[in-house]
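Trainee: Read off the chains here:
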Amino acid sequence: DSGVTQTPKHLITATGQRVTLRCSPRSGDLSVYWYQQSLDQGLQFLIQYYNGEERAKGNILERFSAQQFPDLHSELNLSSLELGDSALYFCASSEVPVPDTQYFGPGTRLTVL
Amino acid sequence: AQTVTQSQPEMSVQEAETVTLSCTYDTSENNYYLFWYKQPPSRQMILVIRQEAYKQQNATENRFSVNFQKAAKSFSLKISDSQLGDTAMYFCAFTYKAAGNKLTFGGGTRVLVKP
Chain A
1 DSGVTQTPKH
11 LITATGQRVT
21 LRCSPRSGDL
31 SVYWYQQSLD
41 QGLQFLIQYY
51 NGEERAKGNI
61 LERFSAQQFP
71 DLHSELNLSS
81 LELGDSALYF
91 CASSEVPVPD
101 TQYFGPGTRL
111 TVL
Chain B
1 AQTVTQSQPE
11 MSVQEAETVT
21 LSCTYDTSEN
31 NYYLFWYKQP
41 PSRQMILVIR
51 QEAYKQQNAT
61 ENRFSVNFQK
71 AAKSFSLKIS
81 DSQLGDTAMY
91 FCAFTYKAAG
101 NKLTFGGGTR
111 VLVKP
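Sequence order for the protein chains is A and B.
For reference, each letter of the first sequence is one residue, going 1 to 113 in the numbering used here.
For reference, each letter of the second sequence is one residue, going 1 to 115 in the numbering used here.
None of these hints come from the bench; they were simulated from the model.
Relax, there's no trap hidden among the hints.
Cross-link-like lysine-lysine pairs, in silico, DSS-like; alpha carbons within 27 Å at most:
1) K78/B / K114/B
2) K73/B / K57/A
3) K97/B / K57/A
4) K97/B / K73/B
5) K55/B / K73/B
Here chain A stands alone, though its shape is the one from the complex (with noise of 0.2 Å):
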């Protein structure tokens, strides 16, 4: 058990719809990291953030938007969504955000009908 939660491990979902995937970081971590782990793409970053705020942005969708709120847990939101969007979404989390080792959530498992 790596600390980190995720919720919900399954999502089922329609096309078009909206979802809000959640993360809650390990105790003292104060960096949160999303990625999307898809057959065609592999695992990719998402966005971080650090103590609430945005630090780093990679191939993160305009669609996509995600927030970290003062508790420090954060959340992932999916809009528009697209049968390409079935993925396994990971959260993970660091103490800082400088090269550290990030521990990963047991991933949420998104699945578009």
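Got chain A sorted already, so can you dock chain B onto it with the hints?
Mentor: Same frame as chain A, now just chain B:
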């Protein structure tokens, strides 16, 4: 752009034997970290080992060790005394100071340990 390449899509090894996974990366950075993560069938991403680029000594964690060749930009993982529980996808990953710790992953190597 920083890239990470794992040239072996799949490898198999007999239980108790040794297997080596290769990883190469491309970067002009000097201050960077390299990682190997394991993803078993449960899909959980588990840290196996990490290496700081400024350290010359190769990292070791129990049965797992790396061969870090900085000049060649190579970072291979050796699994000794392979166990059935080592069956998983293994991902090589890279991050550097200016990237703020975002990870760039290789495509993965599937390892199957046979009894």
